[in-house]
Amino acid sequence: MLKSIITADGSVSLYDEESGESFHSRSGARQEAFEVFAKPLISCCQKQEILNVLDACFGLGYNSFALLELLQDKYPGMTVNIIGLETNRSLASEFMMGKKVFPGSADLISQLSEKNEAVSGRVHIQLIYRSITDLFLPEPGEKMPYLPRPLHLIMHDPFSPSRFPELWCAEIFSAYYKLLGTGGAGATYSCAVPVRAAMIEAGFAVYRTAPAGHKKHSLLFIKKPGSRGDADIHDLYEQAAADIPWRYAPDRTSIIETRKICQLQSTAREGRCSIKKFLKNGNHA
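Residue numbers for the sequence shown follow our numbering, beginning at 7 and rising by one.
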């Protein structure tokens, strides 16, 4: 069941009683859409004729509407194609609450409340009711031929990784890497160690972004030449044993347990390497 809530900046959001999570930060739904997603991504956006955007876990569409607001100011003549992936069809009845939060997108919001597509000027939004796991099962993009190529920006905004690790697994970020063009970028609110590890393993250069509300940091991941293993991502590591992403499995328990096993194996390997290095250096009796 969905329940409307008012966040600290006065903007309305939803609380999902089944998952026990809010759609946005309680410190501000509008604030989060701008600070975590729109502003970091607009800084990576170049002037071009067409911009292809994937809004993964579209929700109420706030992230897309915030991005459109900034694009209108910076690149008013740009054609913008947004694909919104969402699994909850009942959200369409809640879209109208976004009109007060993003009045500039009122026409788009009205259209989306009635159908899965909205067009206004050079902006086209297409809602696809599919899971983001369809991006890599069985091959990246194979189940979604309607995705525009290449993608230029990705907004990754599922519920929290601690409760839904299958939506933050390594396979998803690997699919993102293949779907994005060179220089393409993505943003997400979580800076959890397995999430960062998945981005890095996929080949992204990963950066911290400024905190928004109660969140410590958010992440910006960019596909660019030479990004794999760039020095600027090393400060994101906490400890080697923790830098292991989640691997997709049909059930959450398997995802969590598999990562724990990999952590133990990694710790054991590091221990053996340390002993070998110690002995090689002649530091034994």
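Hints in this document: simulated from the structure, not taken from any laboratory.
Bear in mind the structure is a predicted one, so any value in this text is a computation, not a measurement.
Honestly, I wouldn't trust all of these hints.
[Stated by the list, open to error] Each computed DSS-like pair below joins lysine-lysine, with the alpha-carbon atoms no more than 27 Å apart:
1. Lys80 x Lys45
2. Lys80 x Lys266
3. Lys80 x Lys53
4. Lys266 x Lys230
5. Lys230 x Lys45
6. Lys106 x Lys9
7. Lys80 x Lys105
8. Lys121 x Lys53
Results for each hint:
1. Between the alpha carbons of Lys80 and Lys45 the distance comes to roughly 11 Å, so the proposed pair stays at or under 27 Å and holds.
2. Of the pairs offered as hints, the one joining Lys80 and Lys266 is violated, with about 45 Å between alpha carbons and a cut-off of 27 Å exceeded.
3. Simply put, Lys80 and Lys53 have alpha-carbon atoms about 9 Å apart, close enough for the 27 Å limit, and the pair holds.
4. Our distance criterion of 27 Å between C-alpha atoms is broken by Lys266 and Lys230, whose separation comes to about 31 Å.
5. Taking the CA atoms of Lys230 and Lys45, the gap is about 19 Å. The hint holds against a cut of 27 Å.
6. The suggested pairing of Lys106 with Lys9 holds, with an alpha-carbon distance near 17 Å, which does not exceed 27 Å.
7. With a C-alpha separation of about 22 Å, the suggested pairing of Lys80 with Lys105 holds against the 27 Å cut-off.
8. For the given pair, Lys121 sits about 30 Å from Lys53 by alpha-carbon distance, which is inconsistent with the 27 Å threshold.
The earlier numbered hints that this structure contradicts are 2, 4 and 8.
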